[in-house]
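Visitor: Take the numbering used here: the last position of the sequence shown gets the number 1470, and nothing is skipped along the way.
The set of hints was computed from the structure by calculation and includes no laboratory data. Just to be clear, a hint being listed does not mean it is correct.
[Claimed, not checked] Just the calculated beta-carbon pair ranges, DEER-fashion:
hint, residue 1, residue 2, range
1, I1068, L981, 23 to 33 Å
2, H1080, F974, 33 to 43 Å
3, K1455, D1355, 26 to 36 Å
4, N1305, E1255, 18 to 28 Å
5, T1399, Y1448, 15 to 25 Å
6, E1255, L1304, 24 to 34 Å
7, S1102, I1205, 50 to 60 Å
8, P1277, V1075, 51 to 61 Å
9, I1068, Q1297, 49 to 59 Å
10, L1278, K1328, 43 to 53 Å
11, V1075, F1121, 20 to 30 Å
12, N1282, F974, 46 to 56 Å
13, E1375, Q1297, 27 to 37 Å
We put the CB at the ideal spot given by N, CA and C, even for glycine.
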Amino acid sequence: MIAAIGSAILYFFGILFLLLFIYSITKQKSSLSESFAAMCLAMSVYLIGYGLELQSNSIEEIKFFLKLEYFGISFIPTLWFFVSYKYYFKRKIPIYYVAPLMTFSILTLFFQVTNDYHHLIYKSLNAVMVSDVGYLLAVSEKGIWYIVHVALFYCIILFGVYVYFMEWKREHFALKSNSFIMLMSPLVPSGVLLIYLFQKDTIMPDLTPFGLIASALLICVALFHYDFLELQQMIKDIAFLEIGEGIMVIDDKGFLVDYNHAAKAILPWLAQSLIGKDVSHLSGAARIYEANEEQFEIQFNDYDSTQYIEIRKTPLREHNHLLGYVYFLHDNTKQKETLQALNYMASYDALTDLYNRRKLMDLCDKILEKAKHSGQSIGAIMLDVDHFKRINDEFGHMAGDEVLRQIARHCKEVIGDLGMVGRYGGEEFLILLPTITEEQGLTLAEKLRSTIEAAQIEFQDKTLSATVSIGLVLLEKITKSYKLDYLINQADKELYKAKAKGRNRVSY
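Working from the sequences, and respecting the hints, build out all of it.
Guide: In structure tokens form, the structure reads like this:
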């Protein structure tokens, strides 16, 4: 009678696991549901096999149904590991985990089916009639592989307990949570198995399958009450974590809800310890959280490096109530640096770090047009290095380059914000001076000439010097007929006058 009741219970839950298997493979499409479905099938085979074993009438029947049970129990530890791993890490299981565990399970099944030849699972297997309950009970002496299989089972149970506990901790130890339900699920069967393994004087059946029933009930609660394997949620979880674009979620109160791996790579200050905490006061998060635009860019400076992050903000709403924001993050640093480098190459002279001729002409045109409308004066300085060919011939072109660099530096320092400096070509420099008076122009030009003359230019083990000739022109009243070419030609004529008069002077 007791054996019949026990078998009926096992059949019932075996069928329940079989239905869970069918439900998971037909209704769910996530990678976690595949492992869960396989585990349900393995448990179903194990429970039904054990139910048939309890109703056996001979040792031969017991051995046969034991082999059937191992088509399930051999794979349960491995599949339990797969479920735990995917539940916690939410990503594909590496092959270096899958291959050895599946090999171990297949070997366990093989050793059970061929146990009569090597006795690695059971050294001996007999049957005794338990008179007070009226059924035939298998009594066995465990072999080495049985012990190894049980040891692996407990290692995986400990792994599951750890990952479910960590996930439960992440959920702030909420009792009504998937993680807590899953944390409880392996404890009953593992405890029952321990009692069975360490029994000494009494003969009792293996109650591990009944412990697995407790796990089944807990998993069912997680499945149907808490939507543990809900397809949409699993897809969202996996996509959220693995998508290449950085994603961060902050609620309407400034509390960090979650983020994915890509967001962590972009914002290194993100940490699991911040989830559920107010991050609106943190400097990095505050600039993002307080931005009002739907799409914006933030620049982060860290010592000698600069990071540019493009951000799109999408509100999360439920029934017109704002819940928070999803931030999509894209690191634009490389693109920005490339664009800046291209802009620099298009606008600046690489040797002197001054505006190149094309950019200089473009800016000068704009300044001249502005002067035409305002009626303000405008001046220009054309500067040329004296006997520059002699410097190149005597000291080499690298020395000539250094002379140009130092002259460019002095031009920027002397002119400052009063004008615009550019390399016109070769050893010639053009300086535009808007809203300048005659006295100011002459003072600047003379200061520039004398500064360069007094400069000591260090190059390798030599000290070089150079002088410049300067042509200055000033147009007090600009009319619409004036062109930039006229201004430059006038400055150029004055430059040649300075050279004709002996160089190292200013001509006006």
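Visitor: Each hint should be assessed against the structure and marked as holding or not.
Guide: So, going through the hints one by one against the coordinates:
1. I1068 with L981: 23 to 33 Å: holds (26 Å)
2. H1080 with F974: 33 to 43 Å: holds (36 Å)
3. K1455 with D1355: 26 to 36 Å: holds (28 Å)
4. N1305 with E1255: 18 to 28 Å: holds (24 Å)
5. T1399 with Y1448: 15 to 25 Å: The hint (15 to 25 Å, Cβ to Cβ) holds, given that T1399 and Y1448 are roughly 20 Å apart.
6. E1255 with L1304: 24 to 34 Å: Cβ of E1255 to Cβ of L1304: about 26 Å, so the range 24 to 34 Å holds.
7. S1102 with I1205: 50 to 60 Å: holds (51 Å)
8. P1277 with V1075: 51 to 61 Å: holds (60 Å)
9. I1068 with Q1297: 49 to 59 Å: holds (50 Å)
10. L1278 with K1328: 43 to 53 Å: 46 Å Cβ-Cβ, so the 43 to 53 Å window holds.
11. V1075 with F1121: 20 to 30 Å: For V1075 and F1121 the Cβ distance comes to about 28 Å; the hint holds.
12. N1282 with F974: 46 to 56 Å: holds (47 Å)
13. E1375 with Q1297: 27 to 37 Å: Taking Cβ atoms as reference, E1375 and Q1297 lie about 34 Å apart, which means the hint holds.
Of the numbered hints given earlier, the model fails none.
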